[in-house]
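Chain residues, written in single-letter form:
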Amino acid sequence: MSDIIIMILSTLGSIFILIAAYGIVRMPDFYLRLSVTIKAATFGVGLILMAAALFFLEFQVTTKVFSIIFFIIITAPVGGHMIGRTAYIIGIKMWEGSVLDELKDKYDKKTHELKGEDESEDSNEKDFSDLK
Amino acid sequence: MSLESYLIYIIMPIICVAVILVLIRFIKGPAIVDKVVALDLMITIGVGIIGVFSMISKNSNFLDVAMILALIAFLGTVAFSFYLEKRNSDE
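So the sequence lines, in the order shown, correspond to chains A and B.
Counting in this note's numbering, the first sequence runs from 9 upward without gaps.
Counting in this note's numbering, the second sequence runs from 6 upward without gaps.
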């Protein structure tokens, strides 16, 4: 019975990894590739490691497996965000089918800081100057 | 079909095909950030391969290597993105 569960978990995990690899080859754009790979690969590796934990059924192995899964789930979004931000700053082009770029002209070119809503701040300052 | 032969003859080939597909993107990638993401994904799949291999060889010590590999993947991505951002700000 546990053999069948291990088979199902490892098959699902390997299929998720295959979907991620297919996505990184076929997607047209860097940002779309990033969004496919991080999610699918994290889930696939997590399922395979859970299959390994069920296979051994020891306390030490289960602890190791959970620490690896926890580490991957914590660090994958951080790494994905950092590489996506870098790609946007160094000017990787988006796919021509993309319809919306909400970050356009919001990054400062020199300091790489994200500016907020400039217009509303200006209008607030104007209001205060009128009061004075 | 026993579990061991299932892991060897079905799971491992699927993951190896996935690694080859990622390697295509790693060689072809038009920008350098594509290569960084492909490398990150390749190391993450390597963690999965180590998990399957530890089941095949019935030796749970390999999972320590998987933990270190996951650490190195995160460190590599963060270092690459940090220095790529610095490189263009000097110009």
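Quick caveat, the hints were computed from the structure, so don't treat them as lab data.
Warning: the hint list may mix true and false statements.
[Stated by the list, open to error] Only pairs whose alpha carbons sit at most 25 Å apart, straight line, appear in this in silico BS3-like list of lysine-lysine:
#  : chain 1 : residue 1 : chain 2 : residue 2
1  : B       : K91       : A       : K123
2  : A       : K112      : A       : K123
3  : A       : K101      : A       : K117
4  : B       : K91       : B       : K40
5  : A       : K101      : A       : K114
6  : A       : K117      : B       : K33
7  : A       : K101      : A       : K47
8  : B       : K63       : A       : K47
9  : B       : K63       : A       : K114
10 : B       : K91       : A       : K118
11 : A       : K101      : A       : K112
12 : A       : K123      : A       : K101
13 : A       : K114      : B       : K91
14 : A       : K101      : B       : K40
15 : A       : K112      : B       : K63
16 : B       : K63       : A       : K101
17 : A       : K118      : A       : K101
18 : A       : K112      : B       : K33
[To be verified] Derived CB-CB ranges, DEER-like:
#  : chain 1 : residue 1 : chain 2 : residue 2 : range
19 : A       : L122      : B       : P18       : 43 to 53 Å
20 : A       : D11       : B       : Y88       : 40 to 50 Å
21 : A       : V107      : B       : E9        : 21 to 31 Å
Here the structure is a predicted model, which means the values were calculated and not measured.
We put the CB at the ideal spot given by N, CA and C, even for glycine.
Indicate whether the distance between the beta carbons of V107/A and E9/B respects the range 21 to 31 Å. 50 Å, violated
Measure nothing beyond the straight line between the CA atoms of K118/A and K101/A; if it is 25 Å or shorter, mark the hint as holding. 19 Å, holds
Pairwise hint evaluation, K118/A against K91/B, where the allowed Cα distance is 25 Å at most: Judged against 25 Å, a Cα distance of about 11 Å means the pair holds.
Is the straight-line distance between the alpha-carbon of K101/A and that of K40/B 25 Å or less? 16 Å, holds
Next pair to validate is K101/A with K114/A; report whether the Cα-Cα distance is within 25 Å. Holds, because 16 Å separates the two Cα atoms, which is no more than 25 Å.
So if I understand the rule, the pair passes when the alpha-carbon distance is 25 Å or less; does K101/A with K47/A pass? 22 Å, holds
Could you say whether the range 43 to 53 Å given as a hint is met by the Cβ separation of L122/A and P18/B? Holds: the Cβ-Cβ distance is about 45 Å, inside 43 to 53 Å.
Taking 25 Å as the top limit, are the C-alpha atoms of K63/B and K114/A close enough? Status violated; Cα separation ~53 Å.
Distance restraint hint 40 to 50 Å, applied to the beta-carbon atoms of D11/A and Y88/B: 47 Å, holds
Against the 25 Å threshold, does the CA-CA distance of K112/A and K63/B hold or violate the hint? 53 Å, violated
Can the restraint linking K101/A and K112/A be considered satisfied, given a maximum Cα separation of 25 Å? 12 Å, holds
What's the verdict on K91/B and K40/B, does the C-alpha distance respect the 25 Å limit or exceed it? Given pair K91/B, K40/B holds - Cα atoms ~18 Å apart, limit 25 Å.
Going through the hint list in order, the structure does not satisfy hints 6, 8, 9, 15, 16, 18 and 21.
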